[in-house]
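Residue numbers (the working numbering), protein chains in the order written: chain B, 25 to 310; chain E, 205 to 458; chain Z, 326 to 611; chain H, 31 to 390; chain F, 19 to 258.
Do not take every clue at face value.
[Unchecked claim] No more than 27 Å apart at the CA atoms, straight line, and that leaves these computed lysine-lysine pairs for DSSO-like:
no.	chain 1	residue 1	chain 2	residue 2
1	F	K199	Z	K484
2	B	K170	E	K347
3	E	K279	B	K170
4	F	K93	Z	K510
[Claimed, not checked] Stretch by stretch, here's where chain F covers chain E in the computed footprint (C-beta under 8 Å, at least three residues):
no.	stretch
5	228-235
6	277-289
7	306-314
8	413-424
[As the list claims (entries may be wrong)] Below, a sample of chain H positions facing chain B; criterion: calculated Cβ distance under 8 Å:
no.	residue
9	N95
10	T167
11	G169
12	D181
13	S251
Hints are computed from structural coordinates only; laboratory data are not their basis. Using N, Cα and C, we set each Cβ at its ideal position, and we do this for glycine too.
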Amino acid sequence: MGIYEVSLATIVLINIILALGLNMITGFCGQISLGHAAFYGIGAYCTAILAKAGFPPAVTLLCGLILAGASGVVVGLASLRVREDFLAITTMGVGFLFLGIVRQQEALGGELGISSIPSAGMSKIGFMLFVLVLAALAAAFSLFIKRSWMGFAFDAVADDEDTARVLGLDVAAYKLSAFAMGTAMAGLAGGLYTYFARFIVPDDFGFITSITVLSMVAVGGIGSVFGVMAATVVLTLMPEFFRFISDYKLLVYGALLFTVMRFAPGGLAGFLQTALRIRKARGETG
Amino acid sequence: MTAILKVSGVTVRFGGIHALDDVSFEVTPGEFVSMIGPNGAGKTTLIRAITGVVQPQSAEIRLSGREISNLPTHKRSRLGLVMTHQIVRPFHSMSVLENVIFAAGHGRIQSVFGAMVSFDLSRERDRAMKLLGLLGIAEMADKSVRGQPLGVIKRMEVARALALEPKLLLLDEPLAGLNHIEAARLADTVADINRRGTTIVMIEHNLGEVLRVSERLVVLDNGRKIADGNPNEVMRNPAVRAAYVGKDETDAAA
Amino acid sequence: MLYLELLIQGIIYGSMYAIIAVGLTLVYGLLRILHVAHAGLFALGGYLGLLITNATGSLLLAMPLAAAGVGLVGMVVYRLCYHPILDRPPYVALIASIGLFIAMEEIYRLVFGPYGLTYNDVPLQSQIAFLGMNLRTAELAIVFGSVILLGTLSYLAQKTRIGVAWKATVDDPQMAASFGIDPLKVRYLNFFIGSGLAAIGGIFISLLSNLVEPTMGGVPSYKALAIIVLGGLGNVTGTLIASLVLGVVEAFGTIYIGHLMDRDAIAFAFLILVLMIRPQGMLSGR
Amino acid sequence: AAETIKIGFHAPLTGFAASDGKSASEGAKLAAEQINAKGGVNGKMIELVIYDDQAKPAQAIPIANKLIGQDKVAIGVSGSYSGATRSAAGVFQEAKIPYISAYAIHPDITRAGDYVFRTSFLGEVQGRGGAKLVGDTLGKKRVVMITLQNDFGKSLAAGFKSAADKFGITITNEYQYSMKDRQFGSIVAKVKSDNPEAIYASGYYFTAGPLVKQLRAAGVSVPIIGQEGYDSQKFIEIAGDAAEGVIITTSLDRDSDVPETKDFIAAFEKKAGFKADMVAASGHTAIMVAAEALKKANSTDPRAIRDAVAETDLKVSTGTIKFNKLGEVLKAVQNQIVKGGNWHRHSVIDDPELLAPPAE
Amino acid sequence: MLRLDSLSCGYGAMQAVHGLDLHVAKGSITTLLGANGAGKSSTIMCIAGHVAVHSGEIRYKDRKITDASPMQRIKDGISVVPEGRRLFPNLTVKENLIVGGYSRSRDESNRELERMLSIFPRLEERLGQRAGSLSGGEQQMLAIGRALMSKPELLLVDELSLGLMPKIIDICYRAIAELNKDGLTIILVEQSTHRALEVADQVCVLESGRTVWQGTSDEAQNNVKMIDSLLGLREETSDA
Ligand SMILES: Nc1ncnc2c1ncn2[C@@H]1O[C@H](COP(=O)(O)OP(=O)(O)OP(=O)(O)O)[C@@H](O)[C@H]1O
Ligand SMILES: Nc1ncnc2c1ncn2[C@@H]1O[C@H](COP(=O)(O)OP(=O)(O)OP(=O)(O)O)[C@@H](O)[C@H]1O
Ligand SMILES: [Mg+2]
Ligand SMILES: [Mg+2]
């Protein structure tokens with residue numbers, strides 16, 4: 025693996041953690057969020073500041089994770105008040121608010137961002153492997169939640185929270201846990217990004233990033249852990265594949281995003297399921 | 205005996221509409237109470253207020269002596285106060301069985317952390333299957349809720365409510381949408397459940413079944429309680445007949 | 326005096342927002358789609374308006390032509406993009422719409438160049454003294470144009486059978502068809518009017534800045550969403566009020582708290598504040 | 031084909047900064063053509079490897095890694111904004127491949143290490159130049175600032191403020207706007223009531239054009255001072271008559287007698303079909319500097335090439351390029367004014383002390 | 019008036035009705051009976067044009083309308099009270115009624131509106147209320163009123179008395195009988211068998227999407243036991 029491949033692999037793995045976090049909120053619990061990048065940013069800034077203050081990665085990453093998760097709970101409180109599209113736009117607003125405030129905070133580097141962040145003390149490959157382990161843990165955790173009664177309760181909240189409430193479910197607690205877990209994962213991803221880039225600016229955590237993550241989740245097939253992981257790989261690497269068509273890269277990206285949703289609205293997971301079902305049906309008749 | 209449910213002074217307004225006006229009534233444990241009243245009298249609103257789905261302007265609601273009007277819906281449900289919807293609200297993304305399994309697992313999902321570490325649902329599945337059998341829709345168990353006929357979903361709602369092991373079950377027109385044979389069967393099932401110890405309050409317009417199975421009748425009209433007592437006596441009350449009864453049932457009740 | 330001037334600036338911003346957001350409300354109200362690509366049509370309106378004005382020298386001709394042209398494009402967008410995925414969860418259409426928007430921006434860049442276009446001779450620039458202020462004809466045209474267009478629309482929506490048909494299609498298209506309302510026609514009409522309004526918004530804005538660029542849809546793409554949410558989603562009157570209020574909030578905010586947060590953050594802070602107090606928006610639509 | 035020497039180049043070809051990306055890459059391509067037309071570098075043709083970074087830091091990292099790891103470029107050039115340039119600079123420094131920033135203004139770029147250079151002004155330096163222009167050359171003392179809220183605008187503002195006292199300037203008010211704003215009605219109204227003697231407004235042509243137009247339309251007639259972000263014919267097109275009299279600090283002198291500058295302006299318009307701007311000139315300059323270093327080093331050893339870059343002393347379209355210890359350039363600020371719908375020379379600030387870039 | 023010839027219809031691959039034959043004379047009332055899931059609602063919605071026909075034919079006034087759109091059908095005079103009412107929940111009561119009369123001219127529609135309100139005075143009190151917040155019974159009244167607004171020639175009613183109190187049920191049946199006397203043809207799905215048999219001219223019992231019994235209402239009255247056992251069928255199989 026050359027440095028190019030290692031750097032790509034690292035960013036893909038970071039994005040997987042990020043996207044699985046959103047999948048927890050949107051995919052499992054049905055709370056659409058257009059502000060996921062803000063928590064990614066909170067993790068990143070927290071990690072960056074602590075790292076510059078001399079704390080080791082174990083501490084900085086953990087703090088980033090906790091701070092992002094705690095902020096997630098606060099935003100989760102909004103989800104108790106507003107629903108569906110109102111929530112989508114509220115979380116979008118949270119994203120803009122985060123960015124707007126960070127931009128004006130000289131203590132956080134303002135527009136100039138934070139640079140000269142110390143390295144995580146590993147080689148590039150070592151760091152990639154470290155992220156790999158964390159991404160695998162995130163995936164395992166997601167699968168674990170999905171199969172547990174908690175996942176079942178999330179399904180119910182996503183489907184019809186009023187009915188879930190009538191059936192004795194403490195909807196608020198579940199929504200908040202989904203936000204806490206999902207945003208904590210975003211915070212971890214942010215911390216890892218900080219060590220990867222060693223330079224962060226507010227724009228890294230803007231609306232576009234939120235949308236990109238949401239499209240990873242949607243293209244993967246909302247709620248499907250493996251689908252989301254696959255989509256993350258594809259969507260992260262896509263710009264790299266298309267580098268050679270520089271001028272048309274973004275056009276192709278946009279068109280592809282549109283096309284996937286238009287023709288395979290269930291995302292990759294839904295697409296595969298349909299394909300499998302067709303094969304199975306054929307097998308039965310044949 | 206102390207009342208299992210004691211409701212006093214429930215008033216609910218929607219804008220200018222007085223849906224309920226200072227309604228009070230009691231239910232003793234083991235009773236089978238039916239609630240009737242003209243369309244728009246406030247029956248649904250009353251049980252929604254009891255379960256906390258609707259916020260009353262004023263109310264005192266006691267469950268087995270405990271004041272619950274400040275508890276959120278899910279806590280009331282955990283205390284054994286459960287309702288079904290007049291207009292069905294299944295989880296559309298689940299199968300009929302899963303809908304009931306979810307309710308059967310109410311113990312597992314009480315705490316978020318408990319839910320996180322429990323996986324097994326075979327016990328809940330068995331119970332859910334039994335309940336579906338009880339309501340006569342076991343063969344639909346694995347079908348998706350979407351596209352099920354109304355009658356099946358209505359019964360699924362009852363099964364789901366039973367899965368929560370209620371002490372007091374509030375049923376909102378469970379028999380609507382069933383033909384008279386199905387209705388009679390379901391009414392028998394409900395009566396049977398009642399005999400096994402669950403207190404029941406049932407809203408129903410199917411007077412024939414109401415008179416057949418219930419022990420007591422509460423009548424609402426225009427947001428007020430206008431009668432309460434032995435079914436046959438209540439039905440003889442001229443006010444009730446004027447407000448509610450058509451020609452057919454007049455004959456039937458007479 | 327200064328306050329009055331800021332207030333008037335706020336109303337001008339608000340009118341611009343209104344004309345874009347009301348078009349979006351029409352689409353949202355009917356299909357519950359967060360139609361981000363609306364902003365792409367807005368930019369297209371700017372381009373067409375400018376090109377026609379430059380070619381013919383007449384803004385009066387350009388307005389209806391551009392509105393009709395973009396209206397037609399809007400209908401095509403509906404038919405090709407949204408119609409097939411209407412029964413999918415809302416995020417599917419949202420992501421598809423974002424993909425479409427990105428692709429549209431890129432097409433504008435490739436076709437019209439990255440630098441943006443300007444008028445040969447910007448129309449409506451003569452000065453009008455008004456309460457001791459210098460306002461441009463264009464600014465007045467924006468305010469009055471918006472009032473007239475939106476007033477007409479609001480009358481249509483609330484007082485006529487067409488309006489009732491529209492609202493019925495919103496609630497239950499299948500049943501609407503059962504009573505003789507053709508949902509497809511209603512939707513086409515809606516996209517036509519909504520996109521036409523977007524086009525006029527695009528032209529208005531280009532009159533103030535004399536610049537039509539590929540990315541000019543960027544700001545309305547999300548701010549218009551915020552406005553329709555503020556207005557109560559699907560509520561035309563609410564959208565109007567929300568636009569004006571937000572315009573005024575921004576006009577004052579950029580001056581007095583601009584050092585704390587940027588314009589977007591001010592707008593969204595206001596949005597979040599309102600939603601936490603009134604989760605259904607300023608006027609609730611549903 | 032004959033063997034070539036690769037120069038890596040990244041710029042925002044798509045996205046919000048696409049126009050600057052296009053100017054920069056056109057300038058860079060022109061430079062490569064001119065060099066190759068003259069026989070290339072030590073007998074080898076140079077080849078530009080151009081990638082689109084959308085001006086995003088996160089995109090610039092894999093690009094830098096790709097340029098180094100896969101394309102094996104001899105030297106890298108940034109035609110992008112500060113964010114992307116800073117993240118790429120770190121990668122180039124780590125790989126010890128020389129890297130030149132064409133027009134990004136962030137002070138930390140060259141601090142990435144000894145392999146990183148910059149052929150343009152720092153934001154702060156230009157801000158100080160602006161202060162001299164306002165306070166000294168024009169003699170205006172009561173100034174309102176309108177600051178673009180990004181690294182460019184902020185560092186200009188910092189530079190301007192730091193030198194304001196020295197030229198007796200009082201800053202009566204400062205307003206901020208974001209990159210996406212094109213409507214400035216409320217700022218204009220407030221500035222009008224502030225009644226300053228001059229306005230120091232940072233921005234790019236696409237924000238400054240509408241801003242200047244709206245200021246003038248509201249009857250604000252005091253001098254407006256801008257910077258190299260304005261430096262494009264497009265600014266004059268957008269602002270129209272309102273552009274007349276606007277003065278900016280930049281590095282491209284339209285009325286220059288210097289042959290390099292005159293040639294560039296003519297050749298660029300011929301090649302690209304539109305008038306040269308500062309960004310194009312900067313892209314051109316950076317490639318010229320890179321090629322010259324490759325020629326002098328006459329080796330594929332990155333260390334040798336770095337040393338050659340460090341020793342640059344080259345006359346190009348934007349002046350004479352010489353680097354200090356940190357890799358920063360030291361050159362005069364060209365003040366340009368809009369007259370008759372074109373940029374013309376207004377004055378030159380050549381004050382080495384005021385314009386000294388940081389050396390560490 | 020209406021003829022269904024070996025009509026099969028359903029949802030996607032799933033077939034809900036299999037080869038149904040039904041002749042409805044002008045001015046008659048036909049009642050469909052059947053257990054849960056027998057296919058009554060599917061038949062109704064298929065005649066209204068909302069469920070896809072798989073095979074067979076629907077003829078109305080001697081014209082084939084198998085492929086006609088719902089819009090076409092209401093113009094031809096077919097109106098429906100669907101299962102679950104399907105009101106426009108965010109429209110007011112009045113607006114719901116206006117939509118009901120959309121296929122008629124404005125004047126006609128206004129006249130009908132008056133008539134509806136006199137049949138259901140309860141609705142008059144609620145004219146400005148959102149339909150979605152009406153009580154169950156009020157919603158049912160509105161659904162019936164809405165369907166009548168178009169002055170239909172053929173009225174399809176799915177579960178007429180669902181959720182209604184006895185008094186209103188009477189009113190509805192009286193209204194139906196009256197309209198029928200004026201020449202309205204009606205197809206009725208009803209759960210309360212004896213009410214339905216009272217008004218019907220013709221009875222059709224469905225089971226799993228097939229006709230299992232068909233005859234006049236007099237024949238049905240004489241075979242109540244048999245019909246009851248047909249209606250209970252589903253239960254017995256599931257108990258087994
Ligand atoms: N959200 C609401 N807003 C306004 N009015 C409401 C709302 N909910 C209920 N109502 C009104 O309150 C009254 C009582 O309604 P409720 O649903 O309790 O009646 P009900 O007794 O259950 O009638 P039914 O037997 O028809 O179901 C009705 O007139 C209804 O229109
Ligand atoms: N939207 C749908 N998608 C798929 N299957 C459906 C759908 N609607 C109904 N079905 C199926 O079609 C069959 C007939 O259903 P239908 O609703 O016509 O019965 P019904 O006789 O009206 O019953 P009920 O008395 O409960 O209203 C049932 O098996 C049902 O599961
Ligand atoms: Mg009710
Ligand atoms: Mg049915």
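Against the structure, the hints:
Between K199(F) and K484(Z) the CA atoms are separated by roughly 36 Å; this puts the pair beyond 27 Å, and the hint is violated. Of the supplied pair hints, the one linking K170(B) and K347(E) holds, its CA atoms being roughly 22 Å apart against a limit of 27 Å. Proximity of K279(E) to K170(B) is assessed by CA-CA distance (about 25 Å); at most 27 Å being required, the pair is judged to hold. Using a Cα cut-off of 27 Å, the hinted pair K93(F) and K510(Z) holds, with the two alpha carbons roughly 17 Å apart.
Taking a C-beta to C-beta cut-off of 8 Å, the stretch 228-235 of chain E contributes 0 residues in contact with chain F, too few for the three needed, and the coverage statement is violated. Residues of the stretch 277-289 of chain E lying with their CB closer than 8 Å to a CB of chain F number 0, which falls below the three-residue condition for coverage. By the rule of at least three residues with a Cβ nearer than 8 Å to a Cβ of chain F, the coverage given for the stretch 306-314 of chain E is violated, with 0 such residues. Given as covered by chain F, the stretch 413-424 of chain E fails the check, having 0 residues with a CB less than 8 Å from a CB of that chain where 3 are the minimum.
Of the supplied interface hints, the one on N95(H) holds, with its beta-carbon coming within about 4 Å of a beta-carbon of chain B, less than 8 Å. At a threshold of 8 Å, the smallest CB-CB gap from T167(H) to chain B is about 28 Å, leaving the interface hint violated. Hint status for G169(H): violated, given a least beta-carbon distance of 31 Å to chain B, over 8 Å. The interface hint given for D181(H) is met, as the beta carbon of that residue sits about 5 Å from the closest beta carbon of chain B, less than 8 Å.
Taking 8 Å as the C-beta contact cut-off toward chain B, the hint placing S251(H) at the interface is violated, the least distance being around 31 Å.
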